[in-house]
Structures are given as structure tokens and as C-alpha cells.
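Q: Sequences and hints are given; from them, build the entire structure.
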Amino acid sequence: MKILVCISHVPDTTSKINFTEGDTKFDTNGVQFVINPYDEFSLTRAMWFKEKQGASVTVVNVGNATTEPTLRKALAIGADGAIRVNTDATDGLSVAKQLAEVVKNGGYDLVLAGRESIDYNGGMVPGMLAALVDFNFVNGCVGMEVDGTSVTAVREIDGGNETLSTSLPLVIGGQKGIVEEKDLRIPNMRGIMMARKKPLNVVEPVSAEDATSIQSFEKPAPKGAVKLIDADNVDELINLLHNEAKVI
Amino acid sequence: MSVLVFADSTEGKFKKSAFEVVSYAKKVAEQLGSNVVAITINANNNEELYTYGAEKILSVTNDALSTFNAKKYASVIEQAASSVGASVVVLDSSIDTLHTAPLLAVALDAGYASNVVELPSSTAPFTVKRKAFSNKGFSNTVIATDNKIIGVAKNSYGVHENAVSGSTESFDAAIADSGVTSEKLERVTGKVTIADAEVVVSAGRGLKGPENWGMVEELADVLGAATACSKPVSDLGWRPHGEHVGQTGKPVASNLYIAIGISGAIQHLAGINASKVKVVINTDPEAPFFKAADYGIVGDAFEVVPKLIEKLKAFKQAS
Ligand SMILES: Cc1cc2nc3c(=O)[nH]c(=O)nc-3n(C[C@H](O)[C@H](O)[C@H](O)COP(=O)(O)OP(=O)(O)OC[C@H]3O[C@@H](n4cnc5c(N)ncnc54)[C@H](O)[C@@H]3O)c2cc1C
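As given, the protein sequences belong to chains A and B, one line each in that order.
Residue numbers in the first sequence follow my numbering, run continuously in steps of one, and reach 306 at the last position.
Residue numbers in the second sequence follow my numbering, run continuously in steps of one, and reach 323 at the last position.
Calculated directly from the structure, the hints in this document are not laboratory data.
Hints may be right or wrong, so weigh each one.
What the hints assert, rightly or not - Beta-carbon label-pair distances, calculated as ranges:
1) B:Glu34 / A:Ala266: 25 to 35 Å
2) B:Glu51 / A:Ser265: 39 to 49 Å
3) A:Val260 / B:Thr65: 45 to 55 Å
4) B:Asn66 / A:Lys255: 47 to 57 Å
5) A:Gly80 / B:Glu15: 30 to 40 Å
6) A:Gly165 / B:Ser70: 30 to 40 Å
7) B:Lys320 / A:Gly218: 41 to 51 Å
Note that CB positions come from ideal geometry on N, CA and C, so glycine has one too.
A: Here you go:
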């Protein structure tokens with residue numbers, strides 16, 4: 059099985075979010091970048107397939123050279139090779155078009171991605187990619203098994219889970235559950251050394267116009283101070299929720 | 005040049021989000037000098053949508069669509085968009101719609117803006133405000149393509165009545181092969197789900213162990229609320245994964261969010277920032293959650309929550 063894992067390079071979850079250049083650019087100053095947490099679950103699942111069922115695992119990112127440390131980290135975790143499509147990722151549909159080209163050229167059977175990236179939260183790339191290459195698609199995936207070309211996948215639905223049967227070739231939008239948190243891999247020294255020797259291929263983008271563009275950013279309005287209520291006076295809380303906030 | 009809106013339903017009944025997206029679509033249509041056409045799938049009371057501004061309803065009734073299927077739904081919505089010549093399609097942000105919208109975007113070669121929180125600030129260029137950075141920011145996004153898809157974030161625009169006299173016609177859509185078959189649905193029934201809840205009662209590691217969740221459930225019960233938890237709580241197996249909210253869990257956009265024994269780490273707040281009113285109960289006055297909350301009680305959950313349950317029961321009985 060040839061697996062491709064899509065890796066988004068995102069600000070670490072604790073990052074303070076600021077904007078520069080008249081609020082038109084995300085301020086990367088002092089920001090640590092990491093593998094998108096949802097993609098990390100999918101990458102770990104890919105490693106599991108590699109070790110238990112036999113598979114080759116390639117990771118891919120659409121981005122400029124600053125994303126390479128993130129791809130190296132994925133190699134250190136155990137991916138066999140990496141591809142970087144050399145263009146800024148600024149729009150979901152155009153990123154999906156770049157990835158579609160990689161999928162077509164690489165003959166992959168299974169593409170694992172994350173449900174969404176935690177920076178722009180688009181939640182669109184995996185589904186768009188599936189549609190562009192005409193693969194089956196399961197989003198919000200919290201469990202999967204592959205037997206030959208048959209696949210059983212579980213996806214989260216509102217208030218529960220749905221079990222689906224489908225087949226390769228397939229695109230998955232993964233999240234926690236596809237593997238457990240405790241099973242996530244951290245690169246060890248050996249992995250880091252080996253990653254240096256693994257191929258990181260830079261490919262040039264195909265032409266794909268952005269469907270959307272960001273004109274400016276805004277921060278949420280500052281919040282007023284919390285109203286503290288005495289622990290012995292829950293009546294006051296009920297009163298405030300009923301009369302002031304009007305939520306009960 | 006109609007605005008097409010997909011009004012989602014479960015078991016024939018419209019979701020509240022259907023009324024929200026129709027209300028939203030009506031305003032967009034006014035901005036564009038156009039009208040609203042709604043597409044519905046196996047819905048019973050289509051006329052309900054007239055109240056929110058749907059002038060025309062294309063009603064699909066088909067057993068092949070009785071369980072949700074992303075590819076089939078995308079194909080039906082695409083056929084509806086083509087048939088009325090819609091260049092703007094408005095959708096909600098339910099888990100199912102988030103599965104469908106990207107497929108639809110490719111079918112229509114449309115730019116898709118998800119998590120949209122306001123009406124377009126301009127229609128030329130077509131500009132919408134979206135949530136970004138897990139609720140720590142917003143992006144004003146221009147959709148440049150001829151066809152445009154807007155995914156409205158839950159509870160962000162609200163339900164607004166705008167009654168029109170509408171008409172409903174049945175719509176025959178060809179059903180695509182999908183390659184994905186639903187085998188089994190496991191839904192917790194009789195319980196409010198986090199996605200639909202107006203009120204969410206959530207608890208964290210401060211509760212010490214799963215045996216103490218009885219009072220959380222009782223409080224949720226009194227309020228007709230859904231229960232939720234912080235990430236370590238689900239990682240420890242005290243509560244099911246489906247209840248974990250936050251940046252890497254479920255997003256919450258309820259009217260009221262009550263956080264008990266939750267510290268308010270940045271990743272937790274990222275998932276609940278969109279809730280309108282936040283109440284925190286925590287022993288530690290320095291807990292970061294107090295900075296994000298509207299109302300706070302510094303106190304021991306094991307003393308405060310039982311009292312709150314008792315007083316709320318009395319309040320509910322009196323009102
Ligand atoms: C990549 C990444 C992603 C993450 N994603 C998420 C996410 O999506 N959601 C999430 O929740 N977390 C997430 N986290 C974890 C997050 O950083 C925190 O660890 C977590 O939110 C803490 O949970 P907690 O508040 O329940 O526990 P704790 O941090 O242990 O806090 C418990 C709180 O309970 C209070 N307390 C103790 N006893 C009582 C009592 N008797 N009465 C009242 N209060 C009491 C304490 O004062 C404390 O504030 C993520 C972390 C990482 C690194």
C-alpha cells in the first residue's frame with residue numbers, strides 16, 4: 059500500500075496570535091511551528107500500517123522552504139520520504155489542486171490528512187483533494203481498518219459514530235481516535251539521524267489560481283472583566299444568568 | 005442568479021441551523037438584489053422555511069438519501085445550483101455539511117469560505133469574515149471565483165424571521181454512485197448533543213475522577229444541557245472522546261458554557277470562545293479561565309455544584 063500523508067505546518071497550539079503590516083499578515087515572530095495536531099494522528103496511523111501491514115509512507119506539504127523542519131520531523135517519526143510543493147499555501151482549493159497533482163503522479167492508494175488545520179481552520183483540503191482525484195472520502199475519521207482494498211472506517215457524527223464501508227483509493231480526514239493520543243510518536247535520536255538521509259523532494263507547483271484570498275485579519279474584541287460571585291451566593295449567579303445574560 | 009441555501013434536516017425535521025442559514029441567505033440575496041431558493045432533502049414541513057425568507061423550495065424526496073452520504077448530497081446540491089443558476093450557495097457547519105461542502109466546491113469550481121460569522125461586508129469583491137486560528141482571530145476573506153460557497157458558523161448569525169409567500173416544488177435529482185456505504189449508526193439518543201446544545205456543562209480534571217460526574221450530569225439535566233469535558237478527562241478515559249471540547253476536540257458555540265474544575269488552558273479556550281456566556285467554577289482564583297469568563301465563582305465544585313443544582317431546580321419550578 060502506498061500512503062501519502064498531508065502535513066500542514068501550523069503555529070504551535072499555545073501561540074499568541076498577532077498580525078503585522080496593517081493587519082494583513084500573520085506575525086510569525088517568536089512563533090513555534092509544528093505538525094498540525096490532526097495530521098499527527100493521521101501520520102501515526104500511517105506508521106502503524108507501515109509496521110503492521112506493510113506500506114510505504116510519503117509525507118507532503120504545500121509551502122515554502124520554511125516548512126522543511128516540519129517535514130523533517132515527519133521523516134524522523136518514520137515516514138520514508140517527503141515532498142514539498144514549492145509555493146505558499148494561501149487558499150484551500152489551490153492547495154488541493156497541488157496535492158492532487160502529487161497524488162496523480164505518485165500512484166497512492168491511501169491519502170491520510172487531518173480534519174482541519176488549526177491555523178486557518180478551513181476543513182476543506184482533504185475533501186477537495188478527494189473530489190479532484192475521484193477517490194472515496196471519509197471525513198472526521200476516528201477509526202479505520204484496511205483489508206486488501208476494502209476499508210472499514212468510522213467517522214464521528216453529531217452525538218455518536220457512523221461505521222462506513224468503502225474501498226481504496228481513499229482520502230481520510232483524520233482526528234483523535236484514528237489513533238489514541240498516547241500512541242502519538244515523538245522523534246527519537248535514531249529517527250532524527252535517519253531523517254537527514256531520507257529524500258525530501260522539492261517539486262514546482264502546477265498553475266492553480268487562488269479561489270480565495272485574505273484581505274485582512276482581526277482580533278476578537280477585548281473582553282470585559284469577569285463578574286465574581288460569592289460561592290455562598292449561587293442565587294446571585296442564577297439571577298444574573300436569567301436577568302442580565304438572559305441565557306436561562 | 006438566485007442564492008441557493010441547503011436547509012439540512014434530520015428525520016424529516018429541520019435543524020435549527022437550517023433556519024439560521026436561510027435567514028442568512030435571505031440577507032445575502034437582498035444585498036445581491038436576488039432571491040432565495042432552498043434545497044431540502046427528505047424534509048417534512050418545507051413551508052417552515054418561508055418564515056425565514058425562502059421564496060422557492062426545491063424539495064427532494066428519495067429513499068436513496070435516507071441516510072446521509074456526502075457525495076450524494078453534494079451531487080444533489082450541485083444539480084439544484086445548476087438548475088436555478090445559483091452562483092452563491094449557503095450552507096451550515098454541521099459535521100455532515102463539513103463533509104459535503106468541499107466536494108460541492110470542486111463540483112462547482114467554487115471558492116469556499118467556511119466558519120463565516122457575519123454577512124458579506126461587500127459583494128464586489130465578495131468579502132466575508134471567517135474565524136481563524138481556532139477562534140483567536142478572524143480573517144476577512146475575498147472569494148474570487150464566479151461560484152461561491154459560504155459555510156455559516158453555528159449560532160453566529162442567528163435565526164431571523166423574514167416571512168415571504170413561497171412555493172415548493174419537488175426536485176428530481178439523479179443520485180450519484182458514492183463508493184461509501186453506511187453500515188451502522190451509533191447515536192446516543194435522548195441526550196442533547198454538544199453541537200445542538202444551547203447550554204453546555206463541562207468539567208475538567210478538577211473533578212478528580214469519573215465517579216464524580218453524577219453532579220455534572222444532574223446539572224446538565226436541570227438545564228437541558230449537553231455534557232462536555234476537557235481533553236485530559238477524555239484521555240484518562242473518565243468520559244467518552246466525543247465529549248472532549250477544545251482546539252483538538254469539538255468546537256462549542258452554545259449560548260451558555262459552564263466550566264467546572266477546568267483550568268482554561270489556551271487549547272481549551274480555543275474551542276469554546278465562540279460560546280456567548282461563560283461561567284467558571286474553580287478553586288483557584290488564578291486559573292486562566294477567569295480571564296475568559298463572564299461570570300465566575302471561586303470555590304470548590306463539590307460544594308458549589310450541588311447547591312447550584314438545588315437552587316436551579318427551585319428556579320425552574322418557579323418559572
Ligand atoms: C497540542 C495540544 C492540544 C490540546 N488540545 C486541547 C483541547 O482540545 N481541549 C482541552 O481541554 N485541552 C487541550 N489540551 C490540553 C490543555 O493544554 C490542558 O492540559 C487541559 O485543557 C487541562 O485540562 P483541565 O483544565 O481539565 O485540567 P487541569 O489543568 O488539571 O486543571 C484542573 C483545574 O481544576 C481546578 N480544580 C481542582 N479541584 C477543584 C475543585 N474541587 N473544584 C473546582 N475546581 C477545582 C484547578 O484549580 C485547575 O484549574 C491540548 C494540549 C496540547 C499540547
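Q: For which of the previously enumerated hints does the structure constitute a violation, in increasing order of number?
A: 5 and 7
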